[in-house]
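Peer 1: Spelled out, the chains give:
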Amino acid sequence: MLHDLSFRLRSLFKRSIVEQELDDELRAHFDHLVEAHLSRGLARDAAIRRARLEFGGLDQIKEEHRDARGIGFIEVIMRDFRHALRQARRSPGFSLMAVVCLGFGIGVNTAIFGVINAVVLRPMPVAEPDRLLMVSRGNGEPFSYPTYLAFRNRASLMSGIVAAVPMESDLDVDGNSNIAVAEVVSANYAEVMGIRMSVGRWFTDDRDPAAVISHAVWENRFKLSPDVIGHTIRSEAQTYTIVGVAPAEFGGVFAPMRTDIWVPVQTRPRLAEQLEEGKAFGLLLIFGRLRDGVTAAQASAELNAIDTHLWGERGALDQRPSPIVAEEVRGLPNRGGRSLKRVLTTLLGAVVGVVLLIACVNVGHLLLARGALRQRELAVRVALGASRWRLLQQLLTETLVLALGGAIFGVVLAVWTNRLLQATFPAFVAVFALHVDLSLDWRALVFTIIIALVATVLCGLLPASRASRLRIGAAFKNEIAGGNLRRRPVGLVAQVVMSLVLLFVAGSFLQGLAQLQATDPGFEVTGRLYAHTALPSSEADVDRRRLFYSQVLERLRAIPGVQSAALTLVLPLIPAGSDCVSVRDVPEIKATASDVGTGYFETLGINLVEGHDFAPDELHAGTVASVIVNQSLARLAWRERSPVGQRVMVGCEAPEPAIVVAVASDSAIRAVGEIPKPHLYRRIMRKAGGGFATILVAADRDPATMVQPIRQALLAMGQGIRVYEVRPLSIQVEQSYAAVRWLTTVLAVFGVLALLLASVGLYGSIAYRVALRTQEIGVRMALGARRSDVFREVLTHGLVIVLTGVVIGEVLTAALTGVAGSTLEGVGRTSPSIHVAIGVIWVAVALAACYLPAARAARVDPLVALRHE
Amino acid sequence: MSHDRVDLPQGTLDLLLLKTVADGPRHGWSIAERLHQITSATLHIRQGSLYPALHRLERAGLIKAEWGTSDNNRRAKYYELTKRGRARLHTEVSAWRKLSAAIAQVLEIA
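Taken in sequence, the protein lines are chains P and U. Position 72 of the first sequence, counting from 1, maps to 71 under numbering that gives the first Met the number 0, and the rest follow consecutively. Position 18 of the second sequence, counting from 1, maps to 17 under numbering that gives the first Met the number 0, and the rest follow consecutively.
Read the hints as simulated data drawn from the structure, not as lab findings. Note that the structure is predicted; figures quoted are calculated from it, not measured. Don't take each hint at face value.
[Said to hold, decoys possible] Think about it this way: if two alpha-carbon atoms lie no more than 25 Å apart in a straight line, the pair counts; the simulated SDA-like pairs of lysine to any residue are:
| # | chain 1 | residue 1 | chain 2 | residue 2 |
| --- | --- | --- | --- | --- |
| 1 | P | Lys676 | P | Arg700 |
| 2 | U | Lys63 | P | Ala667 |
| 3 | U | Lys63 | P | Ser15 |
| 4 | P | Lys13 | U | Arg74 |
| 5 | P | Lys61 | U | Leu34 |
| 6 | P | Lys340 | P | Phe6 |
| 7 | P | Lys340 | P | Leu815 |
| 8 | P | Lys61 | U | Lys97 |
| 9 | U | Lys63 | P | Glu20 |
| 10 | U | Lys97 | U | Arg85 |
| 11 | U | Lys18 | P | Asp3 |
| 12 | U | Lys82 | P | Phe6 |
| 13 | P | Lys61 | U | Gly60 |
| 14 | U | Lys82 | P | Ser5 |
| 15 | P | Lys589 | P | Ala667 |
| 16 | P | Lys61 | P | Arg39 |
| 17 | U | Lys63 | P | Phe6 |
[To be verified] Covered stretches of chain P, going by a simulated chain U footprint (3 or more residues, C-beta under 8 Å):
| # | stretch |
| --- | --- |
| 18 | 16-24 |
| 19 | 48-60 |
We put the CB at the ideal spot given by N, CA and C, even for glycine.
Same shape as in the complex, but just chain P:
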């Protein structure tokens, strides 16, 4: 076996040597034969003739030998490849165009595959990623601490369970403080997750004031300095020693949000307290590692059993949220927006598929045309003994070479595109930046090769089979089967339809975006600013903090130009928490909730339909809390009655009484243009909280001019206050639909690309057709047809094709609108203006594409044409 293989390999790679050796051998033998005959007394000529008879045909023996060598198949392929390369070099213009076309088609596919890979496919960059499970609820709700404890103590099928709490924090390096995202984790984090550290180590003790920083932080804040280990940093007024740097590809479990530092859970005493008290700190993400021999399904079942038991113990089995799913981590490690991811990947996948198709149809047309021109050459080959199958093989190999050239160009394009995408991927929230690794790995390369093969088949099979099916006699008599393109404009029409659909999708997104930007968010944006601030958490006393902030607000109101100022925990249009509200006789309502201070509604210009704002002095824990509801919540819980003055129970885990003091008009909570949902406004700083607070300011002048005065005023307050961003509110609003804007841009680019490819295809076809029919045109002109007639005819032909495509495309898109309108909230509504617009665009493009060939046709000189055989 081995011997056989080495023999074959030698024959393959040292072909010329092997051939030479064979030649020597045969020649030597032949000479011997001749000599033998000579020695028997024959004349030289006769001896040679005799020897030849006895020996056999040299070439035939060599042929047999080649067969016996057993690598015929590979040799044939290699030969075909070399021939195809030569062929491509012989017509550089054609090859270049094909490579560029295919390159675009393949390139965009690879680029988008990079996105899909990062979001859906790639396993986590940890050890044995298939044994690591992400534990989540079906509806994406995070877990509470007691649930985590129950899992940790009772789950026997997992070798370790870890919880991670991502939280907004700060990172102070040598006096420079910045907002950072911290993951507060249990000490077994590195072990359970299976993180391979390249620099330093992970902390092992819950109480150890040690921290691990991210690679990005090491790069940006420490300039990749090797003495980062042992360096001290401060976060939330705690001092930490850096013990390690996380590997560059590990971005934490809150991806796509980036994580900057990891700290042990017991080093955040306030957090640890809250966790131990069993407060429903709803941001726990849980991961676990399977024991050997256990399947994810088994682990899932066990966790569900524990969970059910837990809720049963609480006596609230019916309140149990959706069941638990434990699954392998692929792509993004949390369930947030899973369905959105699916829609996204389907949409993008379909779009790039269409672009590839258009590119393939283009190249297919080119190949058809060229096949028609090569009839003579192919006929010669057939006459020399090539079978149709061999011919097909060779033609397909030529297409494959082009496709591979396109693939290389496409990969370069994709890498460049991905870099662009990565740079423009939106920062969803002012604080969080994304860390999604869009780089292309081996998977993308494999994908590219597969796409190249698919492209080869798509654009090469039909032309190759057409070209190989020739009649020798006709080919030699130069009867070109040029009727191909004349008879079947299907490909062209299909291209028009496909690009039309793409343009439509892009257009509707553009329209949707425009609508979004024009929609009133329900609160005032002009003249509004926000400032992110933080007090060190060591200011544990809530009263002191309240006092401080009320002084801050006073100070701000004194600045000329400031009309009002207020506190809030979280800005509008940022996903905030939720809470439970129960009213007598009404089932418990789950509403979104935010914590705001006095003057919030006035500052944002939200109308209080009934009641009055939070009173500034009612701040003591012990009295009944005030809450404000929005109109949707009011309608849901109280119908027509006024909720003002009514008692409610607020809280999901441990409900407490509260009194409704006002009803606010509905405004955008999560996204602009959303359908209003019930929302609850709670009093900020009623109880102890973290050190962060966002200040909202309403000014009577351009917010940009207020940034500096506000920042200075805040810093002047002292007490270690930290001031992060101070920005106009309009930025926040724009960022909230940054994702839609990004998607729209991408789709628009693809739409234009598709249009370009299709119009180039159209131009090529019409031009070719004219070139083919030069003789015929000459005859018609000689018989009396006018130039204008010829011009009109070519133009009409092109327009008919385009109009057919436009009509089919419009019908298709009208059908699609019906389907799309149900899936995308707020973006699916389109007006007929888009349909008209793209129809007009295509007709204009068609006129432009057909003009030149039509003009050329009209300029045909009948005498020249008739002489041209």
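With chain P's structure known, arrange chain U on it following the hints.
Peer 2: Showing chain U alone in chain P's frame:
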């Protein structure tokens, strides 16, 4: 195309070749000579078609080839039997003997 001039089925040519090189390395011409000699020229073998057969045997690892100089100072490729080839020769010979004995018996009876 040259196969139809050879009276032997493919397997037997291989057997003959193996036997011919069994007593020492030989180059192609010498093998042809020997076969011619032994069989008193009754076998019609196109001399050239020895080579594909030899290379097939080489690929199968039954014989190995080495370049050397022939007696008249020419470069020639010498073929000799490998251990595997020797074992194969044994089995083939005994198989052939059994076969021919069986056929002979049938012919006697009929």
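Peer 1: Determine for every hint whether it applies to the structure shown.
Peer 2: Each hint, compared with the structure:
no.	hint	verdict
1	P:Lys676 to P:Arg700	violated (32 Å)
2	U:Lys63 to P:Ala667	violated (85 Å)
3	U:Lys63 to P:Ser15	holds (20 Å)
4	P:Lys13 to U:Arg74	holds (20 Å)
5	P:Lys61 to U:Leu34	holds (22 Å)
6	P:Lys340 to P:Phe6	violated (53 Å)
7	P:Lys340 to P:Leu815	holds (20 Å)
8	P:Lys61 to U:Lys97	violated (36 Å)
9	U:Lys63 to P:Glu20	holds (15 Å)
10	U:Lys97 to U:Arg85	holds (18 Å)
11	U:Lys18 to P:Asp3	holds (21 Å)
12	U:Lys82 to P:Phe6	holds (18 Å)
13	P:Lys61 to U:Gly60	holds (21 Å)
14	U:Lys82 to P:Ser5	holds (18 Å)
15	P:Lys589 to P:Ala667	holds (17 Å)
16	P:Lys61 to P:Arg39	violated (29 Å)
17	U:Lys63 to P:Phe6	holds (11 Å)
18	16-24	holds (count 4)
19	48-60	holds (count 7)
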